[in-house]
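Read top to bottom, the protein sequences are chains A and B.
Take the first sequence: its letter number 200 is residue 1149 in the numbering used here, and every next letter is one higher.
Take the second sequence: its letter number 175 is residue 182 in the numbering used here, and every next letter is one higher.
Hints were generated in silico from the structure; no laboratory data involved.
Honestly, I wouldn't trust all of these hints.
DSSO-like cross-link-like pairs, simulated, lysine-lysine; straight-line CA separation at most 30 Å [unchecked claim]:
| no. | chain 1 | residue 1 | chain 2 | residue 2 |
| --- | --- | --- | --- | --- |
| 1 | B | K91 | A | K1070 |
| 2 | A | K1038 | B | K91 |
| 3 | A | K1038 | A | K1189 |
| 4 | A | K1189 | B | K84 |
| 5 | A | K1059 | A | K1038 |
| 6 | A | K1189 | A | K1059 |
| 7 | A | K1059 | A | K1070 |
| 8 | B | K84 | A | K1059 |
| 9 | B | K84 | A | K1070 |
| 10 | A | K1059 | B | K91 |
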Amino acid sequence: MRLELRIWRQPRRDADGDFATYHVDASPDMSFLEMLDVLNETLTEAGDDPVAFEHDCREGICGSCSLMINGRAHGPEPGTATCQLHMRKFRDGDVIRIEPWRSAAFPVLKDLVVDRSDFDKIIQAGGYISINTGSAPDANLIPVPKRSADLAMDAAECIGCGACVAQCPNGAAQLFTAAKVSHLALLPQGQAERDQRVLRMVAEMERAFGSCTNYGECEVVCPKGISIEFIARMNRDYLKASLRAGSGRPKGSG
Amino acid sequence: MAVSGIALFGFVLTHMLGNLKLYQGAEKLNAYAEWLREMGSPALPHSGALWLLRAGLIVAVVVHIVCAYQLTRINQKARPVGYKRRATIQATYASRTLRWGGVIILLFVLYHLGHLTFGQLHPDFVAGDVYNNVVVGFSVWWVSALYMVANLALGLHLYHGVWSLFQTLGVAAPRGGDWRRGIAAAFAFVVTVGNLSFPIAVLTGLVG
Ligand code: HEM
Ligand code: FES
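Pulled out of the complex, with its shape left as it was, chain B reads as follows (with noise of 0.2 Å):
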């Protein structure tokens, strides 16, 4: 969960600072699409290097699911019978909806891909015009909504995810001075932030 979770989180934090050119305008962005496609040209075909890192994140998506998904069925088969009541005394809000909000994020992927990567889900999807993409599918209010909530999940999953990344690769700290909540939450808020601000700039005439 740990190693396949650093790469996602290595990809999120990129793929939201990346995303910032949409500020620079349709040149800026556009140019940045295509330059992900050229990179290791000549050497690499056209998009060759691209779909290493495809492959990579999607090693590091299936590993992510298939441990939590062994995660789960062990912890299910560890309590058989539950309690007829049972307090949440500490366990925050973040750590008991990791499960589902992995599933959230899942769902919010596989729309995502087929909206602003291969277009079929976009009304007026014109491959390598991202900004315009982005724009006009982010005008449609209730997929900006889409986003903002899929977007609010994978913060909590973050902050849980990086707080416990610490936790599992033993880097402790002592109850009270609990740094690694700070950095977990700071790294939470940016990558949360930076996703929500697109489409707010949209729908806001911000960006257009």
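Chain A with its partners taken away, still in its complex shape (with noise of 0.2 Å):
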């Protein structure tokens, strides 16, 4: 199959970027990756620069890719990763436009490849536990109800790529911050710093990041399917861990 790519190129950050229009030829079994590895042989064959874009895993778990093909965050296929798409998914003769992630807190490095040190940031804020968790310990020692495993199963999905930043119409991070914020505060060892872990988060978020506005867009292309239902219980967490800490009694202050 032919395609015609419409893909950012900027030197460096803060320079000036633009489209450049290139052909190339693949085919449907390859991954969205892998065409672009293509493009990249023929551009350094001909001596140019080839095109940087993020990649690690490439079987969709370490969320390092991240391009916006055709004004959707990781492509046509829903809960896909865009190193998991394939290029059956197009058609001969398409015309795909590729760009980076657009967010202020996501400044583009070169070509496609963006800085996402500000969801390090919100990490750093609260997103972990500090105990001593010792050697592993006997599974069911701590019993956790099927329900609250479950969804913190589903909340530690997430790979933080970014996509929900992308495809919000606001530039929010709200959909990561909830993940990470519900994972850890469904389980046991999440409950000693529960508020102040989401008083912090919420504040760093807050801080680099776009507000929600419930417009739902980031569930649709994440790709672990995480769904807006976190962003109420992040919402509902945020709620009463300031009504605690107003009142002078938050849980895991210590």
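Could you fit the two chains together into a complex? Lean on the hints.
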């Protein structure tokens, strides 16, 4: 299949960029990233600068790949990261526009690569448990209700790719933050720092990102299908934590 | 947004329900308007309680608008460079028109105050004769059309607003079985249909 690609090219951070048009011959069995590899080989052979894009695991678990494909984060296939998207989802002769994530918090470093450290800062603000866990405990030593365990696993699926921010018309990071907050808040080990976690993570999120107005675009492009139900959970946790902090009795303030 | 929104929802619902007295005739509707002004007397002066309610309403409106403005600015700054192409996937029409819908409702309220509350924009305003003011007001077809457009905008605003309220205040519902959508739709529907019925009733001669 022959495709026309319109790709954002930008030599470095803070430089001007523009779209460049390329033609590439791909096989329907290739993944989207393999198709870009083919393009880059041709560019390199011709002595041109290859297109910079992020990737690592190429099996949908690391969250590195991050492309806006025809206006949709990770492309047309629901529940799929760019690396797991295959060219059979496109047709011969298609024009494909490829853009980097666009957010004030995610500056473009080069071409399609953005700096997502503001996600790391949200995690640093409270997305951890500071207790000594010791060696692996026996299974079922700490009982966790089935529903909580299932929900915590759903939230923990988040791979931090940033598609939610990229797609959101507000550039809001509520879905990411909610997944991380809820994942720990649903489990017994997360209770000690529960209030402080949600308060700090939300504060950090608000510092760097836009704010949710409930469009719901994030959950449809999430490669892991994280539901905005978690945003409501985070909001509830945040309200409760604020009330307790206001009354001077926050959970796990020590 | 959510807290001031609750106050405003309370207002539009009560306002619509109160206006239903239009169907009971001039006497009942005018008596109701008089009662609104007599509330709290003799402990409070004439219109005293009404002005307290109005003060609350004004605070809610101001808070709602200031928050909406700040939120919009924050969100514009969060994406300084836009996309060449961005698909809209599941965001509802109501959610996407919230900001401009709010502006339309504000302009309508200003007109509406001049029309039916203070009367400067009314062709034949009689203070105290609310029934006459509504019937004469709505018999001008374009005035009725204006009311209907504004109330449709209000319906969309309420639909997204009520649903958002649950989400913001942390009342979760699973994807698929989202009962909050149903409540939001029912609320928006009742208020909108009630309000739309008044100009229609006057134009069709059902009330007059
Ligand atoms: C067809 C629908 C409507 C009708 C027939 C209607 C009718 C009226 C009337 C007759 C008054 C004056 C009452 C009096 O002086 O005692 C009034 C006041 C008012 N209306 Fe409406 N209205 C409608 C829709 C709306 C909507 C949609 C809003 C807001 C979104 C609204 C906001 C107000 C406000 C703020 C006042 C002033 C209340 C006060 O006296 O403090 N109205 N309306
Ligand atoms: S490259 Fe790891 S998720 Fe796509």
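Status of the hints after comparison with the structure:
Our distance criterion of 30 Å between C-alpha atoms is met by B/K91 and A/K1070, whose separation comes to about 29 Å. With a C-alpha separation of about 22 Å, the suggested pair A/K1038 and B/K91 falls inside the 30 Å cut-off, and the hint holds. For a cut-off of 30 Å, the pair hint linking A/K1038 to A/K1189 is broken: about 45 Å separates their Cα positions. Between the alpha carbons of A/K1189 and B/K84 the distance comes to roughly 29 Å, so the proposed pair stays at or under 30 Å and holds.
For the proposed pair A/K1059 and A/K1038, the alpha carbon gap of about 27 Å is at most 30 Å, so the pair holds. Between A/K1189 and A/K1059 the CA atoms are separated by roughly 42 Å; this puts the pair beyond 30 Å, and the hint is violated. The suggested pairing of A/K1059 with A/K1070 holds, with an alpha-carbon distance near 21 Å, which does not exceed 30 Å. About 21 Å separates the Cα atoms of B/K84 and A/K1059, which keeps this hinted pair within 30 Å; it holds.
Only pairs whose Cα atoms come within 30 Å are accepted, and B/K84 paired with A/K1070 is accepted, the gap being roughly 19 Å. For a cut-off of 30 Å, the pair hint linking A/K1059 to B/K91 stands: about 17 Å separates their Cα positions.
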